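2 protein chains.
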Amino acid sequence: MESSLDPFFNPRSIAVVGASAVPGKLSRIIMESLDRSGFAGEVYPVNPKYSEVMGRRCYPDIGSIGECVDLAVFAVPASAAVRLMKEASGRVRGAIVISGGFSETGREGRAAEEELKRAAKEGGVRVIGPNCMGIYDTVSSVDTLFVPEDRVRRPPKGSIAVLSQSGSFALTAMDELAVESIGVSRVVSYGNKIDVSEADCLEFLADDDATRAVVLYIEGINDGRRFVEAAKRCSEKKTLMALKVGRHGAGKRAASSHTGAIAGRYELYRAAFKKASIIELSGYEDIIDGCRALAANDPVDGRRVMIVTDGGGMGVGIADACSEVGLVVVPLPEEKKEVLRPVFPGYFTVNNPLDLTGSVTDEWFEKALSVALDGDDYDLAIVAALWGPPHLTDRLPERLAGAARSSGKPVIVCSPGGEYTRKRRALFEEAGLAVFSTPESAVRAASILLARGVQR
Amino acid sequence: MESSLDPFFNPRSIAVVGASAVPGKLSRIIMESLDRSGFAGEVYPVNPKYSEVMGRRCYPDIGSIGECVDLAVFAVPASAAVRLMKEASGRVRGAIVISGGFSETGREGRAAEEELKRAAKEGGVRVIGPNCMGIYDTVSSVDTLFVPEDRVRRPPKGSIAVLSQSGSFALTAMDELAVESIGVSRVVSYGNKIDVSEADCLEFLADDDATRAVVLYIEGINDGRRFVEAAKRCSEKKTLMALKVGRHGAGKRAASSHTGAIAGRYELYRAAFKKASIIELSGYEDIIDGCRALAANDPVDGRRVMIVTDGGGMGVGIADACSEVGLVVVPLPEEKKEVLRPVFPGYFTVNNPLDLTGSVTDEWFEKALSVALDGDDYDLAIVAALWGPPHLTDRLPERLAGAARSSGKPVIVCSPGGEYTRKRRALFEEAGLAVFSTPESAVRAASILLARGVQR
Chain A
0 MESSLDPFFN PRSIAVVGAS AVPGKLSRII MESLDRSGFA GEVYPVNPKY
50 SEVMGRRCYP DIGSIGECVD LAVFAVPASA AVRLMKEASG RVRGAIVISG
100 GFSETGREGR AAEEELKRAA KEGGVRVIGP NCMGIYDTVS SVDTLFVPED
150 RVRRPPKGSI AVLSQSGSFA LTAMDELAVE SIGVSRVVSY GNKIDVSEAD
200 CLEFLADDDA TRAVVLYIEG INDGRRFVEA AKRCSEKKTL MALKVGRHGA
250 GKRAASSHTG AIAGRYELYR AAFKKASIIE LSGYEDIIDG CRALAANDPV
300 DGRRVMIVTD GGGMGVGIAD ACSEVGLVVV PLPEEKKEVL RPVFPGYFTV
350 NNPLDLTGSV TDEWFEKALS VALDGDDYDL AIVAALWGPP HLTDRLPERL
400 AGAARSSGKP VIVCSPGGEY TRKRRALFEE AGLAVFSTPE SAVRAASILL
450 ARGVQR
Chain B
0 MESSLDPFFN PRSIAVVGAS AVPGKLSRII MESLDRSGFA GEVYPVNPKY
50 SEVMGRRCYP DIGSIGECVD LAVFAVPASA AVRLMKEASG RVRGAIVISG
100 GFSETGREGR AAEEELKRAA KEGGVRVIGP NCMGIYDTVS SVDTLFVPED
150 RVRRPPKGSI AVLSQSGSFA LTAMDELAVE SIGVSRVVSY GNKIDVSEAD
200 CLEFLADDDA TRAVVLYIEG INDGRRFVEA AKRCSEKKTL MALKVGRHGA
250 GKRAASSHTG AIAGRYELYR AAFKKASIIE LSGYEDIIDG CRALAANDPV
300 DGRRVMIVTD GGGMGVGIAD ACSEVGLVVV PLPEEKKEVL RPVFPGYFTV
350 NNPLDLTGSV TDEWFEKALS VALDGDDYDL AIVAALWGPP HLTDRLPERL
400 AGAARSSGKP VIVCSPGGEY TRKRRALFEE AGLAVFSTPE SAVRAASILL
450 ARGVQR
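In the order they appear, the protein sequences are chains A and B.
The first sequence begins at 0 in numbering that gives the first Met the number 0 and counts up by one.
The second sequence begins at 0 in numbering that gives the first Met the number 0 and counts up by one.
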């Protein structure tokens, strides 16, 4: 299906306007990002100062490229953006304007932004930005980020889309996800959004086969009604999560000087999220935990949680945290206790939480999990695996993953601790289980997966 | 000053009752822990099965040691504990009973626990436990933990004491702190506490020069009045923080089957914490973040927070999170804006949060922080340092630490991200700054340091 956002998400050619040959310059880093991401189409550097940039012929202006370019990345000072946007008229389909210095800086900036908007509209150019980072897209292999890869790693191909008004927020999340090889489909930093908005992107993503879940970082939304409609349609097919920042006094002021956003009343956003079946997130940790959870699991309707652990205290803490977010720690049914009691030493606590103590073995962990999740007593399990107990081996993650697969239910692993433990977290990831470093983050993840069953 | 807990915190000799020569056995791991910790006094293995354990003469029973032992660690089945406690009468000053199988297991266990308690009382033996891990003490070099060091690292010498009803909780926190070289003074896991309670330990720690702050993990307290009195006295000289678990239905039940604790009404605990000036923590993350914050800073009276960042979105998120825990993001005073504006490019947001954008340099970060913290406009600063901006160098942490030292105020660093960023976190630690991996954890830390100024 054709979309008016195809120039951004499926471009055949890209011009980098203001491309510099000087290493370290933002425009040069964008060239490097495009090279590294393996974009297969034409890349045209545009800059009257050079005849060649990074081995590519450099054009003095957009007009001299000689063909209509799908996507132009404007890496130029704010003062030059309007003139170049006029030049782009009829010669460029979509433009990413990374330049800052517009409505986020006050009155003069607002006027310049209006002018830019008008020029784009008149020229028939769709715009992402200004004051943004643009796009990192693993489907189209487009990377317009002006941050070098040694500083901020790009995550692999995956099924989570990120829509963020803040560029640094999106980058930081990507860099964090990359460590755990949690994949993304398309990441868009749209900044002051004079044209392309989260609503436009949601409309595109609703029909995007590469995307299974969408995370939004929002400072302010201009057209609430359109947003809700687009989100509603998208959330029928994908899992949507949103963090709204600028909720309170200082945060609201900061959002306005960050992306010129009018942060608005938080209650209105909450109501809109609810209407559109968007899972409401409370901060950065929620975003990362949500992505971790959704990369390995699909959300479930329900709120009954089983807790299995070898550390009694962790079990108690997790039970508390579950109760506080509306998850229900349903007692283990009598018939399951009768199955498990003869298998385990008498000092194990066979209930929910199920405490396997420091005497635990891989087998017992697996047995406890598979018996508990059998049938329809629980919607999800949290396994708090501490690595102190001497009989646990590196085969534990694969065994737990096997039990999780057989049950068909999400299993969230919590494995807090130091050096030995941190190395073992990778084993859980390799086995396909979502693993978390604190009890609270595991519960955050569980509450996101079960968000339709609980009031977050 | 003499204390009745000296046998635990300052023993001259230690007997390991039930010491085994078989590698992997809990009692053998305790022997190894004591060897590795560098305990300078005598260590006596006691076990009729051996004449020698780990190169040490092994005694068939406590009586044959021939001298009164300060501390005996009982690593024996619950069924043998009472008999051995009777044998210890007059021959042992303090006993750590690690054995489980007492009140946490139900009616029979409760009876056995009563018997153990009586035997200890009659024999004049002070007891930590049963169902506990005992002590890790960097002052006396005592380590009775039955978990090998390759699985759970021990933190270095430091000034934070940990009192925990849950052994695994204490171990996991220690292991986590060890990664960042955050030091502890004394860690006590006291389990079912038939004798030595948190109140006893707090009385001891009140006069302990090695300890500056105390973290408590509590499932249930038996004598509330005594606890409040001991805590009150201790908190006059030290910073006290407590996590109460078993707050809700499932958690309460779990606490009871974990350490036999009667979890009680949470409101009563909150009132007691308030009375005794104990900072109330909400979970594991709070414990770790609190220790990180207090290892590098002293708490402050006040709640005015300055936020300096190079990532606008992070600044907005931190401002929101601050507001939500009662910290006040006071706008930057006009006269400070007038100082900073001529120094910075026009597109920096000179306010609170102060957004230095991706064009930031080390110098500008330092300048912003030192001007903001000068005088008495703020009680604490949160610096959200993202490492994407290309001009930042590895000298940033030392520069920020210098500004923090000159200001005499706590500076909390938040540095979220992936590989490149994580390596730089160590630089902040080395510079003596508390560093956190998410905005939320930085705000948790700030709210703990400013807890006396805010209602947590």
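It should be emphasised that the hints constitute simulated quantities derived from the structure, not laboratory data.
The structure presented is a predicted model; accordingly, all values stated were derived computationally and were not measured.
Any given hint could turn out to be false.
[Said to hold, decoys possible] For the chain B half of the interface with chain A, some residues (derived, Cβ under 8 angstroms), not all of them:
| id | residue |
| --- | --- |
| 1 | P22 |
| 2 | V151 |
| 3 | E218 |
| 4 | G219 |
| 5 | Y419 |
[Said to hold, decoys possible] According to the in silico footprint, chain B covers these stretches of chain A (three or more CB under 8 angstroms from chain B):
| id | segment |
| --- | --- |
| 6 | 4 to 13 |
| 7 | 111 to 125 |
| 8 | 191 to 205 |
| 9 | 281 to 294 |
| 10 | 434 to 448 |
[To be verified] From the derived model, a few chain B residues whose C-beta atoms are all more than 10 angstroms from chain A:
| id | residue |
| --- | --- |
| 11 | E1 |
| 12 | Y49 |
| 13 | D149 |
| 14 | D206 |
| 15 | E266 |
| 16 | S405 |
Idealized CB from N, CA, C, for every residue including glycine.
Evaluation of the provided hints:
1. P22: Violated - the Cβ of B:P22 stays beyond 8 angstroms from chain A, reaching only about 10 angstroms at its closest.
2. V151: holds (5 angstroms)
3. E218: Status holds, d = 7 angstroms.
4. G219: Because about 11 angstroms separates B:G219 from the closest Cβ in chain A, which is outside the 8 angstroms limit, the hint is violated.
5. Y419: Holds - the Cβ of B:Y419 comes within 8 angstroms of chain A, reaching about 5 angstroms at its closest.
6. 4 to 13: Check failed, 0 qualifying residues.
7. 111 to 125: Result for this restraint: violated, n = 0.
8. 191 to 205: violated (count 0)
9. 281 to 294: Holds, because 4 residues of the segment 281 to 294 of chain A bring their Cβ atoms closer than 8 angstroms to Cβ atoms of chain B.
10. 434 to 448: This one holds; 4 residues, not fewer than the three required, reach chain B with a Cβ under 8 angstroms.
11. E1: holds (33 angstroms)
12. Y49: holds (21 angstroms)
13. D149: violated (6 angstroms)
14. D206: holds (28 angstroms)
15. E266: Since the minimum Cβ distance to chain A is about 15 angstroms, B:E266 lies beyond 10 angstroms and the statement holds.
16. S405: At roughly 25 angstroms from the nearest Cβ of chain A, B:S405 sits farther out than 10 angstroms, so the non-interface label holds.
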